[in-house]
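Use the sequences and the hints to build the structure in full.
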Amino acid sequence: MTINRIGPTDPVNKINQTNKVQKAETQASTDSIKVSKSALDKADLVKAASIARNTPDIREDKVAEIKAKLKDPNYINSTVINSVAEKIMEDFGI
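With the numbering used here applied, the sequence shown covers 17 to 110.
Everything labelled a hint here was simulated from the structure, so no lab data went into it.
Even glycine gets a Cβ: it sits at the ideal position worked out from N, Cα and C.
Where hints are given, some of them may not hold.
Said to hold, decoys possible - Cut-off 20 Å, straight-line C-alpha distance, at most; resulting in silico cross-link-like pairs (PhoX-like, lysine-lysine):
#1 K103 / K85
#2 K103 / K78
#3 K53 / K39
Stated by the list, open to error - Listed next, with one range per pair, are the computed distances between beta-carbon atoms:
#4 K78 / M105: 14 to 24 Å
#5 N98 / K50: 54 to 64 Å
#6 A84 / G109: 24 to 34 Å
#7 L86 / D47: 57 to 67 Å
#8 D47 / D77: 38 to 48 Å
#9 L56 / E106: 26 to 36 Å
In structure tokens:
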């Protein structure tokens, strides 16, 4: 009687052979956000409000400049008086 082998001649060799697993390719991902137009508008308003809160009510540099101009006797003339009068009338809607 003859026995023929079925399969490989070295059964240990077959066990040592494994299917190689390929590593998954990772894509370089970057974080990103999208900001809506209304959010940008609100941010602008918050920034403007912050600037307005931090700005002093009286600008000392402008007050000093006007005081210096008023001390000069040649500054007040009819042109300046007419210009100031017209601006006051515009502000009051006259």
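Okay, the hints, checked on the actual structure:
no., hint, in the structure
1, K103 / K85, "18 Å, holds"
2, K103 / K78, "18 Å, holds"
3, K53 / K39, "42 Å, violated"
4, K78 / M105: 14 to 24 Å, "22 Å, holds"
5, N98 / K50: 54 to 64 Å, "55 Å, holds"
6, A84 / G109: 24 to 34 Å, "32 Å, holds"
7, L86 / D47: 57 to 67 Å, "59 Å, holds"
8, D47 / D77: 38 to 48 Å, "45 Å, holds"
9, L56 / E106: 26 to 36 Å, "35 Å, holds"
Violated hint for the displayed structure: number 3, the only one.
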